[in-house]
Each structure stands twice: as C-alpha cells, then as structure tokens.
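Undergrad: The primary structure of each chain is shown beneath.
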Amino acid sequence: MEIKIMKNILDRNQDKANEVRNLLLLKKVLMVNIISSPGAGKTTLLERTCEAMGAEFRIGVIEGDITTDRDAQRLKKYNIPIVVINTEGGCHLDSHSISKVLDSFDLDNLDVLFVENVGNLICPSQFDLGESFKMAIVSTTEGDDKPGKYPMLFREAIAVLLNKIDLIPYTNFNFESFSSDLKKINSQIPLFEISCTRGDGLTEWYRWITDQINISRL
Amino acid sequence: MHEIRIAEDLSAIVLDTALSKNLSKVTKVNIIFGQLIQIVPSIFEFAFRETVRNSVAENAELDIEIVPVKMKCMNCGSDFQVKENLFACNICSSTDLDIIQGKELFIKSIEGEQLWK
Chain A
1 MEIKIMKNIL DRNQDKANEV RNLLLLKKVL MVNIISSPGA GKTTLLERTC EAMGAEFRIG
61 VIEGDITTDR DAQRLKKYNI PIVVINTEGG CHLDSHSISK VLDSFDLDNL DVLFVENVGN
121 LICPSQFDLG ESFKMAIVST TEGDDKPGKY PMLFREAIAV LLNKIDLIPY TNFNFESFSS
181 DLKKINSQIP LFEISCTRGD GLTEWYRWIT DQINISRL
Chain B
1 MHEIRIAEDL SAIVLDTALS KNLSKVTKVN IIFGQLIQIV PSIFEFAFRE TVRNSVAENA
61 ELDIEIVPVK MKCMNCGSDF QVKENLFACN ICSSTDLDII QGKELFIKSI EGEQLWK
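In the order they appear, the protein sequences are chains A and B. Per the numbering used here, the first sequence runs over residues 1 to 218. Per the numbering used here, the second sequence runs over residues 1 to 117.
Treat the hints loosely; a few may be bogus.
[Claimed, not checked] Here are the simulated lysine-lysine pairs, DSSO-like style, with alpha carbons at most 30 Å apart:
hint, chain 1, residue 1, chain 2, residue 2
1, A, K4, B, K72
2, A, K184, B, K72
3, A, K184, B, K83
4, B, K72, B, K83
Treat the hints as calculated values from the structure; they're not laboratory data. Note that this is a predicted model, so its numbers are computed, not measured.
Only chain B is shown next, with the shape it has when bound in the complex (with noise of 0.2 Å):
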C-alpha cells in the first residue's frame, strides 16, 4: 500500500515541473524502482492515475522500470546480482557487502508538450 503515498510524491514532482517548464500536456512519466522495494506495478499505476486526475498529466504512460538487486563485495571488490536473497558475494562468499542497486525510488524524466508562447 506504499504505493499510493509514493504516487502521490511521485506526480506532485511530475505536476510541479509540468508548470515550471509550461507543459501543456504530459505524455510520459519515466520512472526506475529497485527489486527491493517491492513496488506492484499495477498497483502503482491504479495510485498514480488517481493522483494526476484532471491534471495535464491525467493521460501520461507510466514507464516503471525495474531493476535487480546489485551489490559490491567490501571484502574482494567484487559487483554481484542478488539471487534469490542471498546477500553473499559470489566470488569470496563474504557478506560484507554494500547494496550498489535495487533501492531506488527515482524519477528519471517526463515527456510533454509544451504550451505556445
């Protein structure tokens, strides 16, 4: 249920540059989410078309993209992919490790058309 607070932060951020950058209409939202932050994307969606309702961004595609658990070995310098929640590097099976991916919460982008001036 996080996701309605989420979209709620994510289209004010999305409303508030539309009107900064005088769009018209917003087409895209560009959005990144890591693994860990279990995020159900039509949940998500449901949430985000319920924040941006009768706003210029009521008809803009949600692009969500997400990307897996990565983590670097602070023991043998390591970059690994997260499988199946086992936190220990690959290489050197320590599990002194620091999450490089897969907490984002991040906007990348929009896409609009903006007004005439």
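One chain only, chain A, in its complex shape (with noise of 0.2 Å):
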C-alpha cells in the first residue's frame, strides 16, 4: 500500500525557525545569519563591527563552530555576550540549536544579534534560523568562481561582501566575472568590497547594517 505523506522534510526546522523569528520580531533584534567558506573573515568582520559600532548598538553574538571556542576567544574583548555552538562535527547551525541558546541573551536589552555560521556554502544556506536575513562573504583568495557554483546562498542572502579586496593583486580574482555571475544569479544584491584588515569599504558596511538594525527597531 501507499501512504501519501507530501510535506517538507525540514518541517521540523521551519516551524521551529519560525517561533525563533516572531520572538525576535517582538524583542524588535535584528538577527544576521552570516555565511561563508573557512577562513574567509567573518570573524574579523566581526571585531571590526564591534570596534566601530559597540559604542552605539547592543551586538550579541551566536558562533558555531564544528570546535573549540577560538572564536569566541577573539570577540571577547569587546565585551559583549557571546554564545558559543559546538556542532561537533555537524557542518550547519539549525533552528533547534538557536532557539536553545536564545534564553541565554537579554533580548530586551540588544539591538543586533550576529550569528556566524560554521564555514561552509552549501549546507547553511538550507536551514532557517528565523534569521531577519542571510548574508554571504567571500574572499578573493578562495577565487571568483563562488557564485556560479553555490547558486543557492548567493540567491538566498540579501547582501555579499567581498573580503580581502587588498590582496587582489597577488591572486588570479577577476573582479569582472565575479561581479557578473552574482548579478546573473541575483541581480540587485548589494556587494560590498572590503579589507577587513586595511579597512576598505567597512564605513559603506557599517552605513548599510546601521540601516537594517534601525529598519527592524521600528
């Protein structure tokens, strides 16, 4: 016999991604699901943010790492709460483990909450966190191909920042072919080119974040 089922494998996830929304949607917090592969700077995307807008937003942080709290180590300094998601092993954050850690911040008191995803492009970009958006970075060193070949979060993610831009010269990254394939895939993102390490085009990022935590407070 057959047994019509027809439903989402991943309704589990979503429901839960969706109770995680409503509550941040009432404590008025923007919550950034951040994703990219390893090493392509979130983390020191991260310090920076915090160095230029602690002063003037309550930023928390959730960061899953398949290991080790290293870091959550670099953003201590900045005196935040931070949450650390050990997936040990697993290659993605899912809605079960954000609404878990989720009692542990004042929601009342913050006004953005950074999660940084475990590196990687494919599995993320598939589960909801009840995030307000998805946001891609990519690096130059990992080559200008990314876009073509994870079409889902270069679709899925509302903004992209290109990291490292500095280091350009040292590399084969074709600015023009990058920025075409993302255009083809979704054609009205907002790219921003960035040194995280020089500080190139970090003033435009913190313009464009400061309009979306003032987006979601009203």
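Fit chain to chain and form the complex, with the hints in mind.
TA: Shown next as structure tokens:
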C-alpha cells in the first residue's frame, strides 16, 4: 500500500525557525545569519564591527563552530554577550540549536544578534535559523567562481561582502567575472568590496547594517 | 554533508508514519529534491541507510526525483526553466523573478506492507 505524505522534510526545522523569528520580531532584535567558507573573514568582520559600532548598538554574537571556542575568544575583549554552539562535526547550525541558546541573551537589551554560521557554502544555506536575513562573505583568495558554484546561497542572501580586496594583486581573482556571475543569480543584491584588515569599504558596510538595525527597531 | 541531517529528518517522518499506519515493512520512500538544494544522491542514500538501520524501513528503496530550477517572471508573467545559473527571464530579460521550483525537500509518499490486525 502507498501512503501519501506530501510534506517538507525539514518541517521541524522550519516550525522552530518561525518561532525564533516571531520572538525576535517581538523583541525588535535584528538577527543576521553570516555564511561563508572557512577563513573568509567572518570573525574579523565581527571584530571590526564591534570596534566601530559597539558604542552605538547593543551587539550579541552566536558563534557556530565545529569545535573550539577560538572565534569567541577573539571577540571577548569587546565585552558583548557571546554564546558558542559547537556542532561536534555538524556542518551547519539549525533553528533548534539557535532556539536553545536564545535564553542566554537578554533580548530586551539587544539591538543586533550576529550568527557566525559554520564555515561552509552549501549546508547553512538550506537551514532557516529564524534570522532576519542571510548574508554571504566571500574572500578574493577563494577565487571568483563562488556565485556560479553555490547559487542557492547567493540567491538567498540579501547582501554580499567581498573581503580581502587588498590581496587581489597577488591572486588571479577576476572582479568582472565574479560580479557578472553574481548579478546573473541575484541582480539587485548589494555588493560591498571590503578589506577587514586594511579597512577599505567598511564605512559603507557600517552604514548599511545601521540602516538594517534601525528598520528592525521600528 | 547536509545530506546526513536531512536523511535523519526524513527517516523520522518515515518511521512515524509507518508506526501510525501499522506498517510491518516499508518497501519504498518517494522523495523530491530541487536542484538548488545540491543534494548528492549517493551520499544521501548512504546517510538514509544508516538512519533506518534495524528498523521496519531498513530495506526500503529510495526513489529520488531531482527537479530543475523554474522561475516565474514578475514582469511579463512567463514561466521558464533556469539554465546555467542565469537567473533572467528568457522572454523579456527581467531579473525580477520568483523561484517556483528548485528548492524542494519533499517527501511524497511511502509504500509498505501493513500488519495483519
């Protein structure tokens, strides 16, 4: 006999993600799900962002890491609430792990919660965490072919940060090819060309994320 | 590697359904994956086998249908299939598009033998 089921396999994750999203809307907290390869510069971007915006906004961070709390240690000096989720081999965060750690934050005293997902371009883009939006970071040393290879992420994200632009002269990264592939997948997406170590382009990023935080407070 | 987690959630649905419908054996599981999800069928099959080991579904055949990415153009209203990651309307070239197919992670049905009551 055949039994019709007709449902989304990740319904359980989706239900929890909806719960998280509703709670954050109620508390007017912006949650940003940051997705990139390992080493693209997620933690360095958070360091720069805490330095530049920590006085104006109440920032919290969820660090998703397969193992260790090294990323969290780097952010400790900014005196912000940080929770580490060790996935113990898991290649992405899911909405249940986020929901469990939200209790550790005082959501009434938070403006923005950055979630540093596990470094990976495929798996994290399939799992809704209840975030306000997904954002992708790519670094020039990874090559210019990432949008074409991982279309789902670049379609789902609402902004892309291209990091390590100061290293372009030392690589074969072709900006025109990168940008044209990205536009084919997501024509309207804002692209920030930045260097987290040298500081290029970060003012534009601060301005943009400030706007997003202000919108979520309305 | 997201195959493992998706296989776990799939086997939970399969086993819950088998239990509630009194199945003694699940013979087939019919699923649909969209192309954008980037599932590797052989890895998924391997992960699924592990998650249903020693259960009524351990010998179930997996029928995986992979469907291509389809978009609807918000400008001219046409539906079309996306080729080579070019997300633009093939009639009017607009990039104001809605994904109407390609993100599926869907269980259609299971087949099995019912316990005699």
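Undergrad: Next step is simple, just say for each hint if it's right about the structure.
TA: Hint by hint, here is what the structure shows:
no. : hint              : in the structure
1   : A:K4 with B:K72   : holds, 28 Å
2   : A:K184 with B:K72 : holds, 15 Å
3   : A:K184 with B:K83 : holds, 11 Å
4   : B:K72 with B:K83  : holds, 14 Å
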